[in-house]
Amino acid sequence: GENVEQHPSTLSVQEGDSAVIKCTYSDSASNYFPWYKQELGKRPQLIIDIRSNVGEKKDQRIAVTLNKTAKHFSLHITETQPEDSAVYFCAASSDSNYQLIWGAGTKLIIKP
Amino acid sequence: DTEVTQTPKHLVMGMTNKKSLKCEQHMGHRAMYWYKQKAKKPPELMFVYSYEKLSINESVPSRFSPECPNSSLLNLHLHALQPEDSALYLCASSQQWLNEQFFGPGTRLTVL
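Protein chains in written order, with my numbering: chain A, 14 to 125; chain B, 565 to 676.
No lab work stands behind these hints: they were computed from the structure.
Bear in mind the structure is a predicted one, so any value in this text is a computation, not a measurement.
Capping the alpha-carbon separation at 30 angstroms, the derived lysine-lysine pairs in DSSO-like fashion look like this: (1) B:K582 to A:K55; (2) A:K35 to A:K70; (3) A:K81 to B:K605.
My request is simple: use the sequences and hints to build the entire structure.
Take a look at the structure:
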């Protein structure tokens, strides 16, 4: 079955610097890749997603890139701010797989 | 209304109690989900309802019983739970299966 690996498990960056979180997936049929942000005690919130027919998607300071050949996708956050501190989860799914397969999560710490 | 709501926010119950968790959405979504989330872990899928029919039961113990009374409501009935069932229970909905999922705030359940 599908497996999603996420790295690093913890990422500490200086405020204003960029952060990159990477995920790899095993099922080449996967075609939907969302990223969720979960602040402490809060619900997971979708921050950006990408489908397999595009290689990159941007939304202000957040971007996601997808490399289908290598089966990995990455979240890029530029000009990090304190409110970016949270746990970030990647996930993958396909038309034949009935559920999102989640990565283990990355705790992002923004140092002032 | 673009939110998924859940009640109660917190629930403490004994192992012999019967309680119910409730979830509601008014976005016209036809897929609704129950997830269980332990601390520092990704959400773990329990049940999926699609068009008010149970589509997926991820081998969840029978002490958890889902119910979908109509397209806007989703319940999770709890009976004879174990302390290890203590977790954050999240409800989510999506327009259709595997589209973008919107999460509710969750119910923090403690089983004594």
